[in-house]
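**Q** In case you want the letters, here they are:
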Amino acid sequence: MQIPFDLIVELGLVVGIFISAIYVAEARPISRAVGGFIVFSVLVAILYLYLGAPYLAGSQIAIYTGAVTGLLLLAMSITKPEVPEEKPDLKMLLGLVSAGVISFIVAWFVFYGYPYTPGISHEVISNLLSRLNELEKGLEITLSNYLWNYRGIDILLQGVMVIGVAAGLSHFFRREVKKE
Amino acid sequence: MVSFMIMYGEILIWFIPVIAALLSPIVARASRKITHVISITSMGISMIIAFSMLLDLVRGKITYYPSGTVIGIIPFSRTMTWIPLRDLIGVDIEFGVLFDPLSIFMANVVAFVSFWIFIFSIGYMDKEPDIGRYWFLMNLFVSSMLLLVLSSNLLQMFITWEMVGLCSWALISFWYKSKAPSPDPRFRTEGEYNAHCGLKALLTTSFADAFFLVAIAIVGYVTALAMGEPTFDFIKLSENLSWVNELVRLGILPIFSIMLLSGPLGKSAQFPYQEWLPEAMAGPTTVSALIHAATMVKAGAYFVGRFYVVIYEGVHLYHQALPAGIETFFLVAAYIGAFTAFLAGTQGMVAKELKKILAYSTISQLGYIFAAFGIAGLLMYQEAFLAGSLHILSHAVFKALLFLCAGAILHTVHTKYVYEMGGLKKYMPVTFYTMLIGALSLSGIPPFAGFFSKDAIIHATLHSTEIQVIFILLVITAVITVFYSFRMIGLVFYGEESEHIKKLKAEHGLHDAPLVMKIPLIVLATVTIIAGFLFEPIQEILESGTISYHNLFDAISEYVYHSFVSPLLPLTLAIITIGFLPAYYVFIARKADPAKIIEGNIILRGIYKFLVNRWYFNAMYYKIIDCVKGFSNQIKKIQTGIANVNVLYMVLALLITLVLLIFM
Amino acid sequence: MTSLPIQVYFALSISLLAVGFYILSAKRNILRIILAIELMITGANMTFIILSYWMGNGIVDPFIRSIIIISMGLASLVAALAIAFVILIFNKFGTRDIRKLRKLKW
Chain A
1 MQIPFDLIVE LGLVVGIFIS AIYVAEARPI SRAVGGFIVF SVLVAILYLY
51 LGAPYLAGSQ IAIYTGAVTG LLLLAMSITK PEVPEEKPDL KMLLGLVSAG
101 VISFIVAWFV FYGYPYTPGI SHEVISNLLS RLNELEKGLE ITLSNYLWNY
151 RGIDILLQGV MVIGVAAGLS HFFRREVKKE
Chain P
1 MVSFMIMYGE ILIWFIPVIA ALLSPIVARA SRKITHVISI TSMGISMIIA
51 FSMLLDLVRG KITYYPSGTV IGIIPFSRTM TWIPLRDLIG VDIEFGVLFD
101 PLSIFMANVV AFVSFWIFIF SIGYMDKEPD IGRYWFLMNL FVSSMLLLVL
151 SSNLLQMFIT WEMVGLCSWA LISFWYKSKA PSPDPRFRTE GEYNAHCGLK
201 ALLTTSFADA FFLVAIAIVG YVTALAMGEP TFDFIKLSEN LSWVNELVRL
251 GILPIFSIML LSGPLGKSAQ FPYQEWLPEA MAGPTTVSAL IHAATMVKAG
301 AYFVGRFYVV IYEGVHLYHQ ALPAGIETFF LVAAYIGAFT AFLAGTQGMV
351 AKELKKILAY STISQLGYIF AAFGIAGLLM YQEAFLAGSL HILSHAVFKA
401 LLFLCAGAIL HTVHTKYVYE MGGLKKYMPV TFYTMLIGAL SLSGIPPFAG
451 FFSKDAIIHA TLHSTEIQVI FILLVITAVI TVFYSFRMIG LVFYGEESEH
501 IKKLKAEHGL HDAPLVMKIP LIVLATVTII AGFLFEPIQE ILESGTISYH
551 NLFDAISEYV YHSFVSPLLP LTLAIITIGF LPAYYVFIAR KADPAKIIEG
601 NIILRGIYKF LVNRWYFNAM YYKIIDCVKG FSNQIKKIQT GIANVNVLYM
651 VLALLITLVL LIFM
Chain B
1 MTSLPIQVYF ALSISLLAVG FYILSAKRNI LRIILAIELM ITGANMTFII
51 LSYWMGNGIV DPFIRSIIII SMGLASLVAA LAIAFVILIF NKFGTRDIRK
101 LRKLKW
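Chains as they are written, first to last, in this note's numbering: chain A, 1 to 180; chain P, 1 to 664; chain B, 1 to 106.
Excised from the complex, chain A in its bound form (with noise of 0.2 Å):
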């Protein structure tokens, strides 16, 4: 039987992009939640590798992995409230040290091609030229036909954005109850 690898890759990245957001959301110490960050855009870039888009992984992790989090870090660093000096802490360099041979990692990947991505070259160039142009031809989804024909799933992302909502009217109301 072919290990259905494809799938199971995907499904790791729709999972893991979800729990890294979830956990960046509840992580108690902010640190932490910086940590998750990195996962984060890390997972969000080997998607858009898989999708076809080297340069996009690559923006991400230097965009997010890259400058974001190094800001976070520096933010938290000068805005530390008054603790006494300690010495500096090991594991965090070794995860800084880590996230940029990562990203150089990728990069290389990038520049220099690795087999599941169709490299830039002429003829997919042109190739994805004359696709557009039998696209603009044979375009018959609109997107009503597409919001009509998918509303079980419209239902359940605007579930999501409720539930989202409503969580944090919960969780804000609770704060507010617990403070009083």
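Among the clues, some could well be false.
Pulled from the structure, derived: some chain P residues nowhere near chain A, Cβ distances all over 10 Å [stated by the list, open to error]:
| # | residue |
| --- | --- |
| 1 | 55 |
| 2 | 89 |
| 3 | 220 |
| 4 | 245 |
| 5 | 258 |
| 6 | 468 |
| 7 | 653 |
The calculated label-pair distances, taken between Cβ atoms and stated as ranges, are [to be verified]:
| # | chain 1 | residue 1 | chain 2 | residue 2 | range |
| --- | --- | --- | --- | --- | --- |
| 8 | B | 4 | A | 127 | 52 to 58 Å |
| 9 | P | 652 | A | 9 | 35 to 41 Å |
| 10 | A | 127 | P | 661 | 37 to 43 Å |
| 11 | B | 1 | P | 649 | 39 to 45 Å |
| 12 | P | 629 | B | 91 | 35 to 41 Å |
| 13 | P | 637 | A | 155 | 32 to 38 Å |
| 14 | P | 646 | A | 155 | 15 to 21 Å |
| 15 | A | 160 | B | 1 | 21 to 27 Å |
| 16 | B | 93 | A | 160 | 31 to 37 Å |
| 17 | A | 28 | B | 71 | 27 to 33 Å |
| 18 | A | 90 | B | 66 | 37 to 43 Å |
| 19 | B | 91 | A | 27 | 23 to 29 Å |
| 20 | A | 154 | B | 71 | 52 to 58 Å |
| 21 | A | 148 | P | 629 | 29 to 35 Å |
Don't read these hints as lab results, they were simulated from the structure.
Every residue, glycine too, gets a C-beta built ideally from N, C-alpha and C.
With the hints as your guide, set chains P and B onto chain A.
**A** Frame of chain A; chains P and B shown alone:
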């Protein structure tokens, strides 16, 4: 052929005060005297240009001075396109000057009175540290007022209407930083009280102007329906009166008339907007004289007159049919004017502050002018229009005179309560005589200017037999006017000196006003004496735009003769006697104590309480405001400062938008 | 095309937006809120990529990719300015808790 108005005079007349306004705060930091010189010079130039426009008006066409080029035959307007919106809404916003007998007459009144008030304020505000701000606002006010009376279309008039309201607010709250104890228990310092008075004036007139703006928009709409192209220009409105028929066809003519009238009622402090003017006396006296007696409050009456001229010229000059239904506007104006005259007169009888007596008197006399213009429009009766315009002129002059005299008294005595003055006749002789002339003119005693104009108004109300109510109200108000003006003279100048006066006399000695303040008083008193005799040529100018006598002296003497020997003469004498004798007995000769008279009689006590509380209108308005404040206090609690709550509101708004998009 | 139905990816990107909203409305720490903003921007970008992948039958349109790179650049700009605010707020108020910053009310 001699020509009078200088090149581009119609622009310079209001633009030079703007330059003076912009220069004043800068120059005031360096030298006070140069600031005074700048303002007086600019006002003098405006006065000369206005007078030159009058000379050109007399010859029927406007020309430029050096070159003699004729730029138009009266009435006409010079316009330019300000905002070209013709592609978007079909009409450009124009900017123009209207040359018309009424406009040029009002411009002269405004310029002349403003000039002498500016000279007075050199002396009155001589120790004021914020003199740059004062001159800035006064010059800006004069330029807006001149542009208002000269403006050629409704939109521009509305813009300058709001500008004069802004300057009025800023000038009433001029002393907002004062730390003296407040006269009103709701505020801590006098500065807060002054700021509240200014805000009250601004909010009342803005509330009235909201309806006015809607009515102006309706004018644009119905002119688009009737003539194909929307227009706000007065001459175009008068050339083709079919827009009134459109209003009747749409069925909105009564509502439109009331909304259009709301703006003038608000600006001229008539019922139901009459409460802001007595509080506006918190500002400096020169501001009260200029804005709240002579010029800004006349803007409302000017608009009613302008509307009458639009209809009248449409009927007589452009030969349109008189549209039916337009009488509602003038009927309401006349009745409200007469009622307000009576209302304010009764309140003036019991007022305790000197400037408040004059404020109630202003509201009352403006009621006369509204009644006159209302009757003019109701019956298309030109005599009433001329009577109202002449009363505008004479009231501006004698009310400015009275306010300036009050300013001189306040400058010397440092109290505004009339019961703390008394016996000032021997210390301030020039002020006494000029104030007496002003009071005689206000009471309508011949041969002063007030007699001719007030008599003309009362004579005009007799023209139709249907409006006797207005006649009765105006006559009763005339009696009340005589009473309170002599009450004021008696309380201030006669009788024995109060404690306050004795204390001041011991400390500094009481002196009359300085020379720079005496000169405008004397000039205005002279004008109010001789103006009555000039009313005949002024009437001719207003009516047809030219003077066409060969012998001016004969025409004047015939006018004066007819004013005296008229069926109204016994009525006038009766009014003066009935009003004067009680005032003389109680206040001038001091043979009876007014407090004891009122205490003794229960009816008089009730009436006195009712009048002192300003017919309870003020209390009622403040209760309404308190209800609105309570409501908004509850609503404002939804704005917590918490960011999370704001995010939830955002999500709520997003959901509502999505629902609306799906279902609409 | 992907093995999972494409709607799962749409659900994923919308759920990122939902999680972002939840953090914005329920959490106190300013830094967590900045993370939430980044999550939401990522969710929006991902929606575009998924849609372009699906409509382009397996190829993400290079034009869309360029726009998303611009969007990511703007996201980093927002984060940088927000960090500047956080540092200034900490200097002025001494707290990282937005529930304590309540002066913008009536």
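**Q** Hint by hint, say whether it matches the structure.
**A** Verification of the supplied hints:
The non-interface label for residue 55 of chain P is consistent with chain A: the shortest C-beta to C-beta separation is roughly 74 Å, beyond 10 Å. The beta carbon of residue 89 of chain P is kept farther than 10 Å from every beta carbon of chain A, the shortest such distance being approximately 35 Å. At roughly 41 Å from the closest C-beta of chain A, the C-beta of residue 220 of chain P stays outside 10 Å, upholding its exclusion from the interface. Distance check for residue 245 of chain P against chain A: the nearest CB is about 50 Å away, which clears 10 Å, and the non-interface claim stands.
For residue 258 of chain P, the condition that its CB be more than 10 Å from all CB atoms of chain A holds, with the nearest at approximately 49 Å. No beta-carbon of chain A is positioned within 10 Å of the beta-carbon of residue 468 of chain P; the least distance is around 70 Å. No beta-carbon of chain A is positioned within 10 Å of the beta-carbon of residue 653 of chain P; the least distance is around 12 Å. For the pair residue 4 of chain B and residue 127 of chain A, the supplied restraint of 52 to 58 Å is violated, since their beta-carbon distance comes to about 25 Å.
Under the hint 35 to 41 Å, the C-beta atoms of residue 652 of chain P and residue 9 of chain A, about 39 Å apart, fit the expected range. As the Cβ distance of residue 127 of chain A to residue 661 of chain P is approximately 38 Å, the hint placing it in 37 to 43 Å holds. Evaluation of the 39 to 45 Å hint for residue 1 of chain B and residue 649 of chain P yields a pass: the beta carbon distance comes to about 40 Å. For residue 629 of chain P and residue 91 of chain B, the hinted distance range of 35 to 41 Å is satisfied, since their beta carbons lie about 39 Å from each other.
Between residue 637 of chain P and residue 155 of chain A the Cβ separation comes to about 35 Å, which falls inside the hinted range of 32 to 38 Å. Our hint of 15 to 21 Å for residue 646 of chain P and residue 155 of chain A is violated, since their Cβ atoms are close to 28 Å apart. Restraint check, residue 160 of chain A to residue 1 of chain B: a C-beta distance of roughly 24 Å satisfies the suggested window 21 to 27 Å. For residue 93 of chain B and residue 160 of chain A, the Cβ-Cβ distance of about 35 Å falls inside the hinted range of 31 to 37 Å, so the restraint holds.
At about 31 Å, the CB distance of residue 28 of chain A to residue 71 of chain B agrees with the hint of 27 to 33 Å. For the hinted restraint 37 to 43 Å between residue 90 of chain A and residue 66 of chain B, the CB-CB distance of approximately 41 Å keeps it satisfied. Hint check: residue 91 of chain B to residue 27 of chain A, Cβ distance near 26 Å, so the stated range 23 to 29 Å holds. At roughly 24 Å, the beta-carbon separation of residue 154 of chain A and residue 71 of chain B lies outside the given 52 to 58 Å, and the hint is violated.
Range check, residue 148 of chain A to residue 629 of chain P: Cβ separation about 52 Å, and the 29 to 35 Å hint is violated.
In this structure, the hints that do not hold are numbers 8, 14, 20 and 21, in rising order.
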